[in-house]
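> Chain residues, written in single-letter form:
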Amino acid sequence: MAVVFQKTKGLTDKETHYCPGCTHGIIHRLVAEVLEELDILGETIGVAPVGCSVLAYDYFNCDMQEAAHGRAPAVATGIKRSLPDKIVFTYQGDGDLASIGAGEIVHVAHRAEKITTIFVNNAIYGMTGGQMAPTTLIGQKATTAPLGRDSSTTGFPLKISEMLATIQGAVFVERVTVHNPAAIRKAKKAIKRAFEVQIAGQGFGIVEVLSTCPTNWGMTPIKALGWLEDNMIPYYPLGNLRTPEEAK
Amino acid sequence: MAKGKVTFNEDICKGCGLCTTNCPVNIVVMNTTKINAKGYHPATISDIDACIGCANCAMMCPDNVITVERF
Ligand SMILES: Cc1ncc(C[n+]2csc(CCOP(=O)(O)OP(=O)(O)O)c2C)c(N)n1
Ligand code: SF4
Ligand code: SF4
Ligand code: SF4
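Sequence lines, in order, name chains P and E. All letters in the first sequence, in the order written, are residues 1 to 248 by our numbering. All letters in the second sequence, in the order written, are residues 1 to 71 by our numbering.
Just so you know, the hints here were simulated from the structure itself, not pulled from any lab data. Hints may be right or wrong, so weigh each one.
With a Cα cut of at most 27 angstroms, we get these calculated BS3-like pairs of lysine-lysine [what the hints assert, rightly or not]:
1) P:K86 <-> E:K3
2) P:K186 <-> P:K9
3) P:K7 <-> E:K38
4) E:K3 <-> E:K38
5) E:K3 <-> P:K14
6) P:K7 <-> P:K141
7) E:K3 <-> P:K223
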């Protein structure tokens, strides 16, 4: 009998505080599995954001640093430039990365920093109780958009990956999702590729992962997977937007 | 004879049900007769002999509750 699936050594034994069925847990596992498989757990420094994943430093079994809200790419830049042999990644939500940290993520790509960003897009501010994010879909309800997001007053959801793919230093950009096992396998491949790009010193890499927030979307975890598939994927198309080969 | 074997670390299950969504033989179910240490109905297997060891259930679990073995 062979073990075909067990918890990765890339995660600590600590139980997460995430709500039941929140896909932050799946994304943590994929990043941790990749770090374990690439055998870089001992050389990796992760930067945790402000948001529901603020405690990520307790869960990843590598060195971790906490950053102020939205500033993870700036902190990661400092770490990578002073310790260029280390593998450095940020793990950020869409409130953290696309709102208060929009400047930091643009300029980390602009400077072609050799770091990797895992961008968890759940189309809402989870930690603070479900306010509208720049990524909230038109018509989607949030505490600050009780009738649903209205483009006439709040504009249109930001497509971060498409935007970053226009920046030359962003050499790996891919959008993935985790709502079924096939998608999870693809997401892991993209995350692995993004870290390999960093190891090869090719430039900045980002993987945007569509994720659920059952609690603030106000639905069961299973319904949330369906909502992501039916509503998020059409607006945030999956796939690779940039590889180092094209970026040359 | 089962081709696979799944084990649940039941105490840390959050009862979310995601593991029940993609089992090709539909044997992952919630045990509504039981409440675990966290206060949730934990996931379990209805017919262990039918498991093919595909690991879909474990892959969907956000909380690393499930271990899968294959014969
Ligand atoms: C400087 C600053 N401004 C605002 C906040 C409040 N705040 C905490 S988390 C958060 C947004 C979290 O949303 P997101 O990044 O999407 O992560 P999620 O919780 O959804 O995973 C905000 C606005 C803060 N902690 N610090
Ligand atoms: S509030 Fe939303 S994003 Fe935060 S842990 Fe709960 S489900 Fe996940
Ligand atoms: S390993 Fe596959 S067949 Fe077995 S219980 Fe899990 S999903 Fe079902
Ligand atoms: S996915 Fe994991 S946490 Fe959720 S019910 Fe299944 S075993 Fe429990």
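> Are any of the numbered hints broken by this structure? If so, which, sorted upward?
As far as the earlier hints go, 1, 4, 5, 6 and 7 are violated by this structure, in ascending order.
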